[in-house]
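There are 2 protein chains.
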Amino acid sequence: MKCLSCKEEYGSRDAGTCRECYEEASETEEELKREIDDLKSKVNFLRFFWGPPLLSPPLFTDVVLVASDDHSTASCQPVPVPAHRAVLASRSPVFKAMLEIKMEESLSGTIKICDVSYDALRAFINYLYTAEACLDVNMACDLLVLAEKYQVKHLKTYCEKFLISNLSWENSIPIYAFAHQHNAKSLVDAALSLIMDNMEKLRKREEYAELVEKEPRMVVELYEAYLSKQVNTAANKGSTPKA
Amino acid sequence: MKCLSCKEEYGSRDAGTCRECYEEASETEEELKREIDDLKSKVNFLRFFWGPPLLSPPLFTDVVLVASDDHSTASCQPVPVPAHRAVLASRSPVFKAMLEIKMEESLSGTIKICDVSYDALRAFINYLYTAEACLDVNMACDLLVLAEKYQVKHLKTYCEKFLISNLSWENSIPIYAFAHQHNAKSLVDAALSLIMDNMEKLRKREEYAELVEKEPRMVVELYEAYLSKQVNTAANKGSTPKA
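First to last, the sequence lines map onto chains A and B. Last residue of the first sequence? That's 243 in UniProt numbering, and every number before it is there in order. Last residue of the second sequence? That's 243 in UniProt numbering, and every number before it is there in order.
Some clues are possibly wrong.
[As the list claims (entries may be wrong)] Heads up, simulated DSBU-like pairs for lysine-lysine below, C-alpha to C-alpha not over 35 Å straight-line:
id, chain 1, residue 1, chain 2, residue 2
1, A, K7, A, K96
2, B, K112, A, K102
3, A, K201, A, K161
4, B, K161, A, K40
5, A, K214, A, K201
6, A, K7, B, K2
7, A, K96, A, K185
8, B, K40, A, K185
9, B, K153, B, K214
10, B, K40, A, K96
No wet-lab data here; the hints were simulated from the structure.
Let the sequences and hints guide you as you build the complete structure.
Now the structure itself:
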């Protein structure tokens, strides 16, 4: 027989689907692709343009954000990042509460964002307008912290996914600790799983000693997870682990 | 052989694909579905809440729109629809130009929208915030007109698609005329195609006589398209049409 998709000959042992199912599957694929195109154009429509503030400042802004520990501009005034109250309030319940009631930020039109660099603040605001960010591991960590603080769930998930796909044995211990501190559950699980696959090497790592020193509870949790996994694996094999 | 998808037996005459292609196709489908989920959550994130203005007015608005021929409120003041300059300007180049320069609308903070009902205006503004509208044929026509006037391409396409899927022999002539007036190319083509499939009934329709009276050029275009189609069909059959 000749495969309708790859056009290669195959025997009945390598048979996949009947013709009807093949045709249905092709239609489904076309439909899904059309849906993707529709959604992409919707995303483009709903995005706000939010260019580099200095080159083409956004129109009709009514608030500015200021990074309060911007080392790069420590000697001069921090660069304010212009934005719209409506956008901030629509994306973050924390900004909404801050701007709705007559708090200092609302009255002065200036929101100070602590412990963040100018670049991270700009990337954060840009994400609120466009649902896009250009990430590396450091930036993903910075944005995850901001996303948690200002309750921007969509951004937090986005950063978690990025960090999960960039996990390695080298960064697994610090990322595990970081994820723990910021309640990033799926990142904790992913880092944990990677560490548990390398338990024999764990104690040789410098970061391990640091973690025992600073966050012994996290280390306990790690060992507890490892033990549970061992018990489960043994139970699945139909035997109990050796004492 | 047993189909891996529907689990039914089939013979080699009804064979579709080999196992490898089936497995690849299943993976592709899963990937497309994941992409759809991601895009849907992006759309939700980028959407603005824009509730019924009277019940829960949007926050931090800086402009109002007024429907200038709202018959339902002819005896009293028209109900203003609050909005954000930034949203209007980001969705429509016409609003952008109007608000950026010091035109009357920009200075007063009130934009009059002519020849539109309050309901259509609200649906229009809601679409600018959410990329969603609850349509029937009349509303789709009203919004298409606004979309053309304010150059909101995404909404125009959305209305065209809706009207195409709601075309019938009964509404094909008025929709053909409407689409023509508003440069809705794909809607013109779809209505034309439906009319050409029913040419023998065309002259009996009341709307036909009206169209000849009011827009004879559109009728000429219809006949020209019909003739081109006949010539093409004949050419594809390898013969010339009878004189």
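Inset, instruction - Please name the hints from earlier in the document that this structure breaks, with their numbers sorted from lowest to highest. - result: 1
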